[in-house]
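**Q** Using the sequences provided together with the hints, build the complete structure.
If you read the sequences in order, they're chains L and G. Going by the working numbering, the first sequence opens with residue 1, and the numbers climb by one from there. Going by the working numbering, the second sequence opens with residue 244, and the numbers climb by one from there.
Honestly, the hints are just simulated from the structure, not real lab data. It is possible that some hints are incorrect.
Said to hold, decoys possible - Below, simulated DSS-like cross-link-like pairs (lysine-lysine); rule was C-alpha separation at most 27 Å, straight line: (1) Lys471(G) - Lys449(G); (2) Lys408(G) - Lys120(L); (3) Lys355(G) - Lys419(G); (4) Lys336(G) - Lys227(L); (5) Lys112(L) - Lys266(G); (6) Lys449(G) - Lys93(L); (7) Lys93(L) - Lys355(G); (8) Lys468(G) - Lys120(L); (9) Lys227(L) - Lys200(L); (10) Lys228(L) - Lys336(G); (11) Lys250(G) - Lys165(L); (12) Lys23(L) - Lys363(G); (13) Lys23(L) - Lys301(G); (14) Lys250(G) - Lys301(G); (15) Lys225(L) - Lys176(L); (16) Lys275(G) - Lys93(L); (17) Lys93(L) - Lys336(G); (18) Lys221(L) - Lys200(L); (19) Lys120(L) - Lys355(G); (20) Lys120(L) - Lys449(G); (21) Lys419(G) - Lys363(G).
Protein chains: 2
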Amino acid sequence: MKTNDCKTCQLRNLDCFTTVSSKTLNFINQFKTREISLSSHALLTLEGETSNELYTIKSGWAFRYSTLSDGRRQILNILLPGDFTGLQAELDKPMQYGVEALTDCTVCVFPKQHLMRLYKNFPYLAHDLTWLAAHNELIVDENLVSVGQRNATERISLLFISLYKRAAQLGLVESKGFDFPLTQQHIADAMGLSLVHTNKSLAKLKKMELFEFDGQRLIIKQYEKLKKLADYYSLPLRQRPLV
Amino acid sequence: MKTNDCKTCQLRNLDCFTTVSSKTLNFINQFKTREISLSSHALLTLEGETSNELYTIKSGWAFRYSTLSDGRRQILNILLPGDFTGLQAELDKPMQYGVEALTDCTVCVFPKQHLMRLYKNFPYLAHDLTWLAAHNELIVDENLVSVGQRNATERISLLFISLYKRAAQLGLVESKGFDFPLTQQHIADAMGLSLVHTNKSLAKLKKMELFEFDGQRLIIKQYEKLKKLADYYSLPLRQRPLV
DNA sequence: CGAACCCTTGAAACGGGTCAAATCGTGTGG
DNA sequence: CCACACGATTTGACCCGTTTCAAGGGTTCG
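**A** In structure tokens form, the structure reads like this:
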């Protein structure tokens, strides 16, 4: 048994992920070419680089971003364990975005070249991949609504609510709090705000006692109020595939 | 032969779309349950509604949008002929977004229920579907970068450049111009700007002679300057699947 | 002890939002 | 054929949220 065998993957024990047949699991296991360990701030992929690989975050947090030529950076999506990325890019074409680790991460790597083998032999898995691609878009959609229509405090509220829910699904939340590796600069870049204004908006929400930071932990003190402020309407939760 | 036979679909004559085997084409043809004719302003799907269908725009323009409870609306993506939507939503779950026609449209409808049959028997087609889902995300990504990082004139420039390229691919551009059914309110809602400021920014770009309107036609007068202003780096163009 | 990073705060400038009103079609009904 | 309504576009004035500039303080780590 390989040390990094998919059969023993801790994520599969979480009931937010679907279960798959052992035959499928075997395939995933041999489809996976390797596992990467990234330390915080390390880059998984570069903008403009070509990549022939697909990635699943096994542990840790990362983010997908895109920068303009003058350095302005937009964070497109925060990646949590179980999240999948790499499909957006064309084989042999430079990618429009990069992926950077927020914490130490382990990432499972799959070759794009053999993707058709998956589609030919594992239609259910293929269907899952499409689901994941569509689900990723939904998250970007949500971000776009925030950045386009909400003001600073609403955006931050929504970000917190949304990450809270995703973390909770993964069993990362304990007594209303979870490890939160984003700096204020990350929040600013994700929400299309300046650092200074992000700081002031955070201070405002803090004074309203909607949340607090305990070191690196974000504690959601008043979930319902935060939700209302963000005008949040929940995405339907269901089991999601893990590739 | 059905009147709306996929084999005679005009879109397939465009060389921006991949060709498929006649067997596959037959399947697509019978997979399609019906065709919808929408008039301008008509709603294809409603926010919060459940839909068990997938849609391809056959002709006309439409847009996907999401609104907050107080009425603020974000346009997520403009849909042109050949564009595909509906994957984002879960079967039996309410959708987060609606789709509205910008012009008179015809839309091809496929049932989500029988999607697995496609995955089981047409792996290449299944692969195409995933590609389409990922490609859709790329467009939303691009919008998010705009809305998050660019100022008003940059955003509008990018929107025009991006629609120009998409229209050109479809053979809709003639002597630098193409039919442009968006109102200034649409542009505002897509770019996260107010109507008034959109109008003033448009006036500014118009005075710089970067573009002009000739009735409903948008004419790109200085493509390169517009591109530079938008800090545009082009998406790789390749043939794309048409389902 | 300094270097690097992150968070915090104040003051001033500005881009974009809001309010209000006029103009310009374009289509409709009397 | 004119009158009117309605939607879309313009324009001006004012206001406010956010950005920018600047500086200080905290913490970690070599």
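**Q** For each hint, tell me whether it holds in the structure or not.
**A** Hint check results:
no.	hint	in the structure
1	Lys471(G) - Lys449(G)	holds (16 Å)
2	Lys408(G) - Lys120(L)	violated (34 Å)
3	Lys355(G) - Lys419(G)	violated (39 Å)
4	Lys336(G) - Lys227(L)	holds (21 Å)
5	Lys112(L) - Lys266(G)	holds (26 Å)
6	Lys449(G) - Lys93(L)	violated (35 Å)
7	Lys93(L) - Lys355(G)	violated (31 Å)
8	Lys468(G) - Lys120(L)	violated (46 Å)
9	Lys227(L) - Lys200(L)	holds (20 Å)
10	Lys228(L) - Lys336(G)	holds (22 Å)
11	Lys250(G) - Lys165(L)	violated (46 Å)
12	Lys23(L) - Lys363(G)	holds (16 Å)
13	Lys23(L) - Lys301(G)	violated (40 Å)
14	Lys250(G) - Lys301(G)	holds (13 Å)
15	Lys225(L) - Lys176(L)	holds (14 Å)
16	Lys275(G) - Lys93(L)	violated (32 Å)
17	Lys93(L) - Lys336(G)	violated (35 Å)
18	Lys221(L) - Lys200(L)	holds (19 Å)
19	Lys120(L) - Lys355(G)	holds (20 Å)
20	Lys120(L) - Lys449(G)	violated (52 Å)
21	Lys419(G) - Lys363(G)	violated (44 Å)
Hint compliance for this structure: hints 2, 3, 6, 7, 8, 11, 13, 16, 17, 20 and 21 are not met, and every other hint is.
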